[in-house]
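Q: These are the residues of each chain, in order.
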Amino acid sequence: MALELPKEKWVGKIGQVVIGALESEGGTRTSQVAIGGATSLPFLGFEGEYPNEPPIGMEIFDVVREDYPEVVRKPFEDVIDDPGKWAKKCVEEYGADMICIRMIGTNPEEENRSIEDAEQTIKELKEAVGVPLLIYGSGDEEKDAKVLEMASNVMAGERCLLGLAEEAAYKSISVATMSNDHGIVAFSNLDINLAKQMNILLTDFGVKLENIVMDPLQAGLGYGLEYSYSVIERIRLAALMGDKILQVPIMCGTTRMWNAREAFKEDAATGDSTSRAIFWEATTGLSALLAGADALLMRHPDAVKHVKESVKNLYGGGEQ
Amino acid sequence: MALTALDIYKNLPQTNCGKCGFPTCLAFAMQLANKKASIDACPDISDDAKELLESSAAPPIKLVKVGSGDREIEMGDEVVMHRHEKTFYHPVAYALMVDDDSPDIESKVQATEEMKFERVGQEMQLDMIAVRSKSGDPAKFSSAISAVKGKTSVPLVLVSQNPAVIEEGLKACGPDRPLIHAATKDNYEKMAELAKANNCPLAVLEDSGLEELAELSKKVKEAGVEDIVLDLGKKPLGKLFQELTLVRRLAIKKLFRPLGYPVIMFAGGEGASEGLEAAIGTVKYASIVVMKEADRAIMYPLLTLRQNIYTDPQKPIQVKPGIYELNGPAEDSPVLITTNFSLTYFTVAGDIETSKVPSYLLVADSEGLSVMTAFAADKFTADTATELIESCGISDKVNHKKIIIPGQVARMSGKLNENSGWEVVVGPRDSSGLPKYLREYVGA
Ligand code: B12
Ligand code: SF4
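These protein sequence lines map, in sequence, to chains B and R.
Just so you know, we're using our numbering here: the first sequence kicks off at 514 and counts up by one.
Just so you know, we're using our numbering here: the second sequence kicks off at 21 and counts up by one.
None of these hints come from the bench; they were simulated from the model.
Careful, some of the hints might be misleading.
Claimed, not checked - Examples of chain R residues toward chain B, derived with CB under 10 Å:
#, residue
1, 71
2, 73
3, 77
4, 79
5, 83
6, 99
7, 122
8, 261
9, 266
10, 273
11, 277
12, 295
13, 297
14, 317
15, 328
Unchecked claim - Computed list of lysine to any residue pairs in SDA-like fashion (alpha-carbon distance at most 20 Å, straight line):
#, chain 1, residue 1, chain 2, residue 2
16, R, 273, B, 517
17, R, 274, B, 519
18, B, 522, R, 315
As the structure is a computational prediction, the values presented were derived from the model and not from experiment.
Note that CB positions come from ideal geometry on N, CA and C, so glycine has one too.
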């Protein structure tokens, strides 16, 4: 008797969000990415569709904090003070599928950069690279309202993702998103119910579900990664089992891992600090993908390279 | 899934004789399904039915042990697909592979033996050595094994498909119960004999498909080997990943016995790529991952990943609440407070140790939550902190009443001062600020 392979029959389908508008669509992007669209668990294309190899974006800043770890600073030493050049290097040398800029310099508690300055940065970025863009505020609610409104207008017609919408601050960013047909990143803090709540708040406010990508927080390796792993896995299972409001693609960042000194501090006992940091970031990102994330944002070029290679190997080879 | 009461009932004599102590066979079946009765209570059950019921009560993935003594490894006996459904019980074992014709076996093994990490109070290190017969020469294999055994007592994997080589290897191992790798469809009879004679677990290797693998494992079992480990063979990573999932599903969801065993995987690639393949095996369903290299910069994060994934979701790793003395404190030493989430404790204690300032660290019972999480969940509050200060006996150890609290919970300082009568000092938000802070604090 032939062995019957147990394939799950999922009823749900994860939405697909395409970002970046090509010239033919009225934008100026030279490439697009499609996030999501799966009807199977990650890399299990034999029982459904897993149509889009997860894209990997790279994360840059308008202004780099002084304590930005040396290990990730180094590959960009020549360009780190110029977001346009920084982005260009990410795309041209390191193959970033998208660029996410975090406008932390606009925060009144930090450099309090003006809207005009911020606008200049975003215009330069738009010129510098042709990949789809993500623009995140600094986490200051009032300032972000202005920064993201500006960003939405500057990037009109380009189909960006704006972020981060949070439970306590989502209205002005939703408006910024809707006014120019961008997408939005819904952030929630390690909790499946909060993730769901965010999608409900946004859709109640008028954002279409097909314009939402959710970020349920990827904790760093060694710093709560297991919580993230299970939250993402539960979100994905619930979505595939039919929970409509969770049928939204997931994008995670390895951002948090760069707060864990253990990952990159000098310490001979735990090996070369650069290799360790790179592997730490790659593992943090890969585990998010294995749990169910559809896209990643990362920082170190070699970590990106390794994860891309793993994704290629996982995506190919099996039945899709 | 386990058998239902009805499945069990079908296998009982159905005479309702009552000798088991229950009025009907169905009532007895229901107790059996709930594991509240033993099958032995029915004297009239047929041998076949008894065997069937007993084996269905066995765990979906067999528990297999490798090695002997205090470094023996247990693997298998997992019951869920996803860790949040319950927990993953037996952490994947990492094995370093050495070749029998390699000139530096001893130094390689020595280096791995010395590679020990401590993280959040747990020891982490490599678990096994896989010795591969590259030469094909039994004598060489045997001496390689002796060389390895001279340096470590971890369980071994003997890698050769030549029974004559394995036989010599087993002699060199003595009673140590290595894992034999591997039985194939060409050599399984001999390999099964060797495994039985030496009471060793045996890996079965078949890369052409799961059905073929199941066939082979059945034959090996019929030949009398109970402790089996599966090797799905070398194949593209995507394929291997899918099969690892399918094997786990077949075992757990279908109780498909021929694949109800732990799985061994050989990571491909080199350096970080090999490490990431090992990471994939760690997260999704390998019980042993064999690697060709063991660089500290890869192993430390990898072992951390294993520690994360194999943490019981219901209980975070914790330390005991109470007073911790760091750097040899005296009665005028500073007193600090934190929570008993192990990650929090070890981060804070590590930073205090770095400061070299003799200190008392009070650890509050937050049920294993971090400072911020516990604060948000009302498990680390002015009240619980006061209770700890009063009950732990710190007043008898110091001649002052001054306590340093985490910067993140500055908000509790007024109430804590009021409740406890202790002067409250707000420390840095991140404990990495403690070395500088504490030096200035005692200097002033
Ligand atoms: C992982 C996590 C969880 C895990 C729990 C992990 C655990 N075992 O504690 C889970 C998913 C269960 C969880 C749940 C909740 N969480 Co939570 N969680 C986190 C997260 C992401 C990381 C926490 C962590 O592990 N930090 C690492 C440890 C080492 O940090 P720490 O204990 O604070 O220690 C540091 C400092 O406080 C300081 N320090 C510690 N001790 C001392 C002592 C002295 C003397 C000094 C000077 C300094 C010092 O140094 C340490 C190192 O930097 C944080 C967000 C974040 N990135 O911080 C949110 C966070 C802590 N959670 C939060 C909340 C609100 C919750 C929930 C109430 C609701 C929710 N949905 O998130 C629940 C409550 C849980 C419950 N009811 O049981 C909030 C707290 C908000 C607030 N300001 O009070 C946070 C900040 C997220 C946020 N921004 O909203 N959470
Ligand atoms: S002893 Fe056996 S046959 Fe008799 S009632 Fe119980 S289960 Fe049925």
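Q: Of the hints stated earlier, which fail here?
A: 1, 2, 3, 4, 5, 6, 7, 11 and 18
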